[in-house]
Amino acid sequence: MRGWRLLWLMVAAAAVVRAAEVTYDRRSLLIDGERKILFSGSIHYPRSTPQMWPSLISQAKEGGVDVIQTYVFWNLHETQPGQYDFSGRYDLVEFIKEIQAQGLYACLRIGPFVEAEWAYGGFPFWLHDVPGITFRTDNEPFKFYMQNFTAKIVSLMKSEGLYASQGGPIILSQIENEYQNIEAAFQEQGSSYVRWAASMAVGLETGVPWVMCKQNDAPDPVINTCNGMRCGETFAGPNSPNKPSLWTENWTSFYQVFGKGPYLRSAEDIAFHVALFIAKMNGSYINYYMYHGGTNFGRTASAYIITSYYDQAPLDEYGLKRQPKWGQLRDLHFAVKNCSVPLLHGAKSNLFLGPLQQAYVFEEENGGCVSFLVNNDSRSATVEFRNLTVELPLKSISILQNCNNVIFNTATVNFKGNTRATMITWKFDDEDKWQEYVDPTPNFSDTSLMSNSLLEQMNTTKDISDYLWYTLEFQPNSSCTRPVLHVESQGHAAHVFVNGVNIGFAHGNHDVKGFILEYLIPLINDMNNISILSNMVGLPDSGPFMERKVAGLIEVEIQCDHNELYNLTEHLWGYQVSLVGEKLQIYEEKNSHKVLWSSKSSQNQPLTWYKVEY
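Residue numbers for the sequence shown follow my numbering, beginning at 286 and rising by one.
Among the clues, some could well be false.
Calculated lysine to any residue pairs in the SDA-like style (CA-CA distance at most 20 Å, straight line) [as the list claims (entries may be wrong)]:
1) Lys428 <-> Ser477
2) Lys868 <-> Glu676
3) Lys443 <-> Ala386
4) Lys428 <-> Val487
5) Lys747 <-> Val487
By construction, these hints were calculated from the structure, which means they are not laboratory data.
Required output: the full structure, derived from the provided sequences and hints.
Rendered as structure tokens:
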């Protein structure tokens, strides 16, 4: 009897894993030949902890989301050529399996360039040092490593049976990412690279369609898709009559940079543009970027991007529902799904109901009907439609089931806004419990790397650290009075120390990375040690010729009275990569004993580490 029971369990389990055919036509993706309207939400697996994944996915599902969309982050997984890491937060397979366990689909954006406000756009920094390489163009070294990684991910997904063609949840894959933004910089090599990337991806035979976002010239059979906040207004449409309208990034907020507040996008605005995309563009796949943003752990954020990512998304940084955004979109999803049959199979017509009012009607021969009544005015409007008088709030769309019953309006919000409250669980205000360690300022004689010029920072640090010390010894003439140190940097910030004393700092910002630092400095009539700590606030994440991006100091001078000038740019400089505490990883409990801690002082010096035990 026990043997029969085991056999039955095996048969039942096998029956659950059923391969699905995913194709598309002009109207939508087709799963086993059935047209689908799909709502998707971006959740990036390394921006939350594995313990959070089940709750995030279940709340997305509760909110009417059908698909979870994620990038694949090359620099997390292939830290050195051929050395891979898929553990912990990097466990892509476990993340996809959790999506499947909850009955949702997945869209896998392999890239492997992702941008995503992620360090180096997701590229591992070792790629920078490959001889003769130029990123993201028809360049053989780049194509070799890009294909290697793309094939690695596809092979990994296949080995776990995760493509829909194998019975898994992945119904879409993406190659490249918003390449059209930089394609012209590479001229013909840009166009040939697009053709190569599409051909390479399709040749991997995943059994599911591939997309290229923001890529009007995406070659068949790859689908070109839209990114942005208003794709119902900005998308030119599919580049072939047999491709559907897909929206891969509907920005629910925007990334936040240091020094700026969060971008607040209302639930009403998001809902309006989703409904408009469906009605006007025959949209059938809408992905919210982000549905949950999460946290930029460690050094993963790109230049000037804060630790919190898309906190204003329907699920905030901590995975809590942000109302009314979460609820308003849920109701929109359910309303659209209730009308999916005429939407996907009905004949479309449109008519003007006023100067800024329009109706989009989808009607089947058997009588099934849905209409979208659009008011694009900044004032409310009353329209007549099929013997109905309909009140339309300003800048809103009403969805009429059976073309006679308003079941949803994008500006009518039925959820109260919520706020996130914090509660003090522990106070760390006892100064006697705090200890500090001041990271030492290196002198020229402490350094082992030296050069007669100012070295470019990223090429020197190799992404080991955001910090690079530039140090030199300098003895002025006795005639040098009121010396002013003049430093020009390509970014992102710099702290100046003269003979171990902190003099000051300066920094750039997200829009203008470079800056000039000038300080009157105290010099002795002997040899002086000048140490400048240049630090980056994350690696760049986008743009053409990323391998040529630069940071760090480019000019150093000391200007004295009476036009006396010392150009130190070509001086002999010493270099130290990273801070001592960073190199020793004293931020981890197991390593904190590696330095000598002292009682907290009242000086609050720069470059001070603080520690408390509780």
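Verification of the supplied hints:
1. With a C-alpha separation of about 12 Å, the suggested pairing of Lys428 with Ser477 holds against the 20 Å cut-off.
2. For the given pair, Lys868 sits about 65 Å from Glu676 by alpha-carbon distance, which is inconsistent with the 20 Å threshold.
3. With a C-alpha separation of about 17 Å, the suggested pairing of Lys443 with Ala386 holds against the 20 Å cut-off.
4. In summary, the hint linking Lys428 to Val487 is supported, as the alpha carbons are separated by about 15 Å, within the 20 Å threshold.
5. Under the criterion of a C-alpha separation no larger than 20 Å, the hint pairing Lys747 with Val487 is inconsistent with the structure, at around 34 Å.
Hints 2 and 5, counting from the list given before, are not met by this structure.
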